[in-house]
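Here UniProt numbering is used: the first residue of the sequence shown is 1, the next is one more, and so on.
If you're looking for bench data, these hints aren't it; they were derived computationally from the structure.
Among the hints, erroneous ones may be present.
Said to hold, decoys possible - So the derived label-pair ranges between C-beta atoms look like this: (1) R298 / Y83: 31 to 37 Å; (2) A264 / R199: 39 to 45 Å; (3) V225 / Y170: 22 to 28 Å.
Every residue, glycine too, gets a C-beta built ideally from N, C-alpha and C.
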Amino acid sequence: AETCTARRVARLTHASSANCSHTHLAAAAMAQAEDKPSFKRALLAGGAAGFAVDVSLFPIDTLKTRLQAPGGFRQAGGFSGIYRGLGAAAAGSVPGAALFFTAYERTKHTLGAENTSAQVLAASVGETVACSVRVPVENVKQNQQAGKIDARLLSGASQILRESGVGGFYRGFGATVGREVPFAMIQMPLLESAKRAWRNYRGADLEPYHVALCGCASGGFAAAVTTPLDVVKTRLMLGADAKGLAYNGVADVFSRVVKEEGAAALLSGLSARVFWISLGGFLFFGAYDAATSQLKKRGV
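All chains, full assembly: derive it from the sequences and hints.
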């Protein structure tokens with residue numbers, strides 16, 4: 001009788017454990033499904049975060065561009081007119097950031113949110129899609145920052161169109177993708193890994209400021225590593241060296257910068273870039289997380 005009772009208890013215990021396990025699996029699946037942002041939520045949150053960061057940190061971006069310009073910081077304008085190009089940045093920040101996050105989130109969750117390879121591929125897709133908007137905006141913005149075209153948005157854009165045609169807006173497209181994709185391939189997996197590790201350590205969901213700190217660290221590291229690519233992209237968009245001789249592609253920029261200015265010139269603006277993107281990563285990912293949380297509460 002005792003043996004039969006023990007067997008019944010064992011069966012009941014096993015069934016209870018199985019049910020509990022299934023409950024946990026179901027809860028985990030529900031949590032994973034809820035963590036996947038809707039198309040509209042990613043679009044709105046990404047756009048809002050991008051606009052806030054690009055506008056608030058614009059002066060630092062201007063200083064970084066002038067440090068990397070042919071002829072140096074003073075010739076490109078120094079500390080004067082640090083808001084030249086703000087209109088172009090503001091016009092492109094919302095669609096650029098919205099496109100990146102929409103493509104990134106959809107690709108990541110389709111391939112597997114916790115998979116590093118999926119995160120790398122998703123980051124590449126997101127940046128390539130976003131560059132369709134970013135590159136024309138960057139061309140207008142950086143030429144305005146360096147004082148090469150009219151500071152007014154429409155006048156500056158018209159000047160590029162008149163002098164270089166539609167192709168002038170896409171000057172440096174390959175170099176921009178060549179900078180943005182490696183940057184995102186470094187930053188986003190680092191960000192996701194840091195968030196996952198911190199979430200496991202806390203045993204609870206992260207607050208926006210936790211995500212902001214992860215964005216700051218991952219962005220700063222990625223910015224430092226990709227600074228030479230950023231210098232090349234800036235030079236290509238500005239079009240010519242200090243003597244007015246046009247650049248002819250990525251390889252030409254690399255070789256001429258190293259030959260004429262030394263290898264150290266490929267790190268021009270390093271401190272400004274790391275500071276700008278670290279602070280930008282803090283604000284951007286913190287704002288994105290806060291925005292997605294608020295939109296989720298409102299059923300978006």
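Okay, the hints, checked on the actual structure:
no.	hint	in the structure
1	R298 / Y83: 31 to 37 Å	holds, 34 Å
2	A264 / R199: 39 to 45 Å	holds, 40 Å
3	V225 / Y170: 22 to 28 Å	holds, 26 Å
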